[in-house]
Amino acid sequence: MKRILLVNGAELIAFILLACIPLAVSNSYVLGLLTLLAIYGILLIGLDVSVGYLGQVNLGHAAFLGLGAYAGGLCVMVFGFSMLPALLASLLVGFVFGGLLAFPALRLEGPQFALATLSFSALTATTLNELESITQGAQGLQVDRPLLFGLHLGPQAFFWLCLVLLAFTWIAMKNLLSSHWGRAFEALRDSPIATDAMGVGVFRHKVAAFALGSGLGGLAGGLYAFNFQFLQPSSFVYELMVILLLGVVLGGRKSLWGAFVGACLIVLLPNLLSNRSLFQAFSFIGLFIALVAGTINIRKQRRISFQVAAPIVSMALLVAGSLLVQNTEDWRKAIFALMLFSVVVGLPEGLMGFAEKQLTRLFKVPARPLPDATELEAVLPKQEDTGLLLELIDVKRHFGGIKAVDGVSMQVQGGHIHGLIGPNGSGKSTLVNVISGLYAPSAGQLRLHGEELPKGSLFKVSQAGIARTFQNLQLFAELSALENVMVACAGAYKKSLPLVLLGFAYAEEKRAQADSLALLELVGLAGDARTKAKDLPYGAQRFLEIARALARKPKLLILDEPAAGLAHPDVLKLNEIVHRIRARGITTILIEHHMSVVNEVCDFVTVLDEGKIIAQGLPDEVKRNPRVIAAYLGDSKESSYSSRKLGETPLLRVEDLHAGYGASEVLTGTSFEVRAGSVVALIGANGAGKTTTMRVLSGMLKPTSGKVLLEGKEVQQLDASKIACLGLAHSPEGRKIFAPLSVEDNLLLGAYTRLPKVFGFRTKASIDLEKVYALFPRLFERRKQAAGTLSGGEQQMLAIGRALMANPKIILLDEPSMGLAPVIVQEVFVIIKKLKEAGITLLLVEQFAKSALEVADYAYVLEHGRIAVEGTPEELAKNERVLAAYLG
Amino acid sequence: MEVILQMGVSGALMGLVYALIAYGFQLTFATSKSINFGQGELVMLSAFISLTFTNMGIPYWLMVPAGLLCGALLGLVVERLAVRLALEQKSEGWILMTIILGLFSFSAAENIWGRDDHPFPTPISSDPMHFLGISVTAVELSVAIGVFAVMGMIELFKRKTLWGKAFEAVSADRDAAELMGISARRTIMLSYGLSGMVAAMAGILVSPITTVGPTMASALILKAFAVAVVAGLDSGFGVVLIGLFLGALESLASFYIGSGWREAPGLILLILALAMKPNGVFGKASIRKV
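Protein sequences appear in the order of chains D and R.
Take the first sequence: its letter number 324 is residue 324 in UniProt numbering, and every next letter is one higher.
Take the second sequence: its letter number 46 is residue 46 in UniProt numbering, and every next letter is one higher.
Just so you know, these hints were derived from the structure itself, not from any lab.
These figures come from a predicted structure and were not determined experimentally.
There could be a bad hint or two in this list.
[Unchecked claim] Covered by chain D, per the in silico footprint, the following chain R stretches (three or more residues, Cβ under 8 angstroms):
| id | stretch |
| --- | --- |
| 1 | 32-41 |
| 2 | 61-73 |
| 3 | 107-119 |
No residue lacks a Cβ here, since even glycine has one placed at the ideal position from N, Cα and C.
Take the sequences, apply the hints, and build the full model.
Right under this line is the structure:
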C-alpha cells in the first residue's frame, strides 16, 4: 500500500501539477516550454526502448520524429485529416518505418546497429529535402493545427492534449515494460542465445521493441508538427539526435522518470545557454556533483582512476568555459559533449537511476509483495515413464576439416538421467548444441518422441519441448532471479498486446510469479527471488539456469556441465537438485566432468571420444571399461619412467594460490614448485584447475590471493606481456597460433621480446630459427604457409616451437595432446622427451596422465583447485587416488 | 557515353578518399573491435591544423608530415579518452563516447576557425589534363597517389617489420599475443595512432577539392562508413574496390537523379549490406559459440 501511494502518488502529483500550471501562469512562453516538455517526454520514452531496454545506440530516432511530423502535417494539409486521425497516421508511419528498419538491423549488434540507424536518419533527411513536390524541401512546410472533434485548439488546450497523450504513453509503457514483453526486451539484450533457447523469439521481440519506440517517435513528431506549425528537414538531423541521446542518458536509462527528467533538460537547455549567469551557476553545480561523486569513488577504490578524474576535469572545463566564453550559445555542442561525457563516464545510470536508488532507500519504499508459490505439481506435473524419448541416428557435425561429432547414434529413455561424458574436445558440447538447435547437424537424424526435431534453430527446438542450460552461463544478468525464470514460463502469457498495454495482464503476471517462485524453491533460491542474476553467487547462478530451463516444462532437459566451477558444498546441492528433477520424471541429458556427480545421479552413461561413442552402460560398468580409462588417462602399453634426481633451486614457486572467474573460485589454495632443469607434470580431471593455474602463472588471469615467484621474484600482479619478458613462455591450451600469419612469422613473434622491432630481426633470429626447424623439419617445409592451414599436430609443433623461440627459462605446456589423433600424441611426447634431454625446464599440464607421468621428473595431482597428491611418477602411478581423480 | 565515363572516373577518384578513411576504421577494428564514430571530425581537425601550418608559412612538403603527426596524436587522444575505459569494461560504450568526442571537436573547430569554408592552398596544379577524352586534374591524381602511398606504407609496415607482425598477431589472437610479450594495449594505441594519421592524410588530400570547413567531413564520413561496412571491417583491400565503385556510383546518381541525391546510394548500400551480408562483401563469417 505504501508503495502504491509513494510511487503512483508521485506520478499523479507530477501530472496534476503540470496540468495546473497553465491555469496559474498565463505566460505563453512558459506554456510553449511545457508543451515541448510533453512532446519530448513521449519522444524520449520511445527512444529509451531501444537505448535502455534493448541496450543499442540508436541514431535514427530524430528521423522518426521527422517522418511522424511530415506524415501528420501532410495528412492535414493534403487530405484534410482532423487531429486524432492525423496523430494516428504519425504513429503508424513511425511504427511501420521502424519495423522496416528493424528487419535489416535485426541481426546487428553494437556498432553495426548504430551505423544502420545513422544511415537511415541521413537517408530520411535527404529524402525529405529532395522530394520537393511533396514536402516543399528546404523551403519548409506550413502546417495548420487540425481540429479535434470539430474544436479549434488554443495553445492551452493543445498543451493539455499533449499532456494527456504523455500520460497515456506513460501508463501504457509502464504496463508493457513490466509485463513479459519488457522482460523479453531486456532478456534479448543480455543474452540473445538464451532468449531463443527459452522459447522467446528474439526476432519478433526485437522488431516489436524497435517499431514501438519508433512509433512513439512518430507520435511525438505529429504533435511537434501541430505545435510549431512549420517543418523543415534540417530540424531532424544529427545534432537533434545527439541532444535526444543526451536526454536519455543524462536522465537515466530504463526509467520513465529518467525520460521525463531528460525531456525537462532538453527543453530548458536553450534558456540555460542564453543566460550566462544561470549557466555559470549550473556548471558550478555540475562540478560540485562531480566532485562529490569523485570523493565517494576515491574512498571506495583508494586511487584516482579515469572514471573519477575525467568527469571532474570535464566539469571544471565547463566552469572555466562559463567564466571565459561570452557567447555560450555558439559553444552549445561542446557544452552538450562535456555534460554527456561526464555523465557517461561518471554516472552511467543517469540522474534518475542514481536518485531512484537514494529515494527508495530514503523513503523505505517496500518492494512489491510476492504471491505464495504455486504447488510444484501444478507447475511441473510429474511425467510418467514414456519409453524411448530422444533418438539420434548417425548425427555428424563438422567444422571445416574438424569432425567434432562424427556419427553418433544414441537413445535416451524417458525418465532417465542420461550422462554424457568424455575427455575435453570429445564433442559433447557440440552434440548438445546440435540437439538444442544452436548448430544444424552436417548429417543424421534427430527424433523426439519419434518426430523429427527442427534443425538449427534454438527457438524451434525449444518450442518442441527441449530446454537447456549453458556451460558458460547465459543468464539475463540485469533481471532478478525471479524475472529470469518468468521470462521462460511456458504458456503463462496469453493476453494480447492491447490488453497488456491497458494493464489487464495483472492476473497472469501474478500467476507466472507464483509458478516461478515454486521453481526457485525447487533449486533452493526462493530467498533470492529479487536479487539481480549478476549479483548472485556463482553456484546460485548455475542453479538459476536450471530453474529457468525447468520453467519451459520441458520433455527433455539438457544440463551442460552444471557443476563446472562449483565449490564442493554446491556440488552436493546440485546432486540434490538433480534428484528432485528426476523425482518429477523429467528426462535429462547431463554433461559433466565431475565423475562424483555422474556416479551419483545418472541412470545411464554414454562416453564420447573424438566425436564417436566409445562406451555406453551403467556408470559403474563404464568406469571400468578399458577404452574409457584409456580415453581419460592416455593409452600406453609399457610403463617406463624416466624421472631424474632433481636440482635444488626452485625456478618457479607457487604459494597458496586462489583464483577464479567472476564469482566462481577455481583455485582454492594451490602450492607447488618447479626446479630448474626439471620436467614437472600437473595432472588432474577436467575442471580441477590445471589450465586456470597455467593462466595465472603466465599473467592472463590475476589471482585473488597467493604468490607466484619466478626466480624468487613475485610476478602474480604483472601483465602477461611483462611476465613473458621475464623468460616464461606459455604454449596455451588450444595452441592459439596466429592463424593468418605464416609459420615463420609465428616463430619470429615467439622471440618478440628479444628481437629488434624494425630492421634486422630476421638475421638476429636465424640461429634460433634453425634450431627449431631442426627439431621440427615439417615446419621448415611449410614456413611460408599460413599457420591456420596446418594440421592439428603441426599446429601443436608450431606452438611448442614458438615457445622455444623465446629462449625461455621455463616453458608452460598446456594440454599438448588435446584433440590430436593417438599417433600424433605419441609424436608430441617424443618431442617433449627431446626437450627434456636438452635440459629445458618444463611445466606440463596434461589430461593423459599416464603419458605425462612417463616423461616427468615429478608430478602433482590437482583436485578441486588444490594439490591432492604429489610425488615421483613411480609413486603416483601406483596411487589409487590418481585414477580416482579422473573417474571418481 | 563519354559523360558517363568522365563522371565515373572523377567519382571513383573521390571514392578512394572514402576507401582511405574506411581503411582507418579497419586498423582499429582489427586490434580492438572498435571504431571511432568521430573519425570525420578527426579528418576535419587535421585539415584545419594543416591549414594553420600552411598559413604560418610552413612549406607544403613539411606541412604534410606535420599534419600527419598531429592526426596520429589526435588518434591517441581518442583512444585514451573515449575507447580505453569501454574496452576495459568490455562494453560498447565507446560508440557513444567517440560520438561525444567528435561533437566536442566539431564545436571547438567551429569556434576556433569559424563556420566558413576556407580554400586549402596546394602547390599541385588543378588544371585539367586529358586522357582518352577524359579530363583529370593533377590534384585529383594526387589524391589517388596519396591514398595508395599511405596504404602501401602501412601494409609494408605490417608485413615487413616485427612491430607490424605484432600488430597482426594482436588482431589474430589477443591473448596469445600477450603471451609472446606483446602489449595489446600499446598495440591498440598504435592502431588508433595510425588510424588518426590515415584520417589526417585523407583530410590533407581532399581539402584542396572540397575546401576546409567544420562540416567538410560530415558527408564524407557517412560514405566512409558505407564503404567499410559494405566491404567488411576485416576485408583489407576490399575497401579500395568498394570505394571506387561507390564513388563512381554516387557521381552518376548525382548527375542523373539530382545532386541532392548524392548521398543516397551509399546509405542504401550500407543498409542493404548490413541486412544481407553483415560481415561485408569481402568479410569473413564468424561461428557462434556458447
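- State the violated hints by number, sorted upward, taking the hints as numbered earlier in the document. 2
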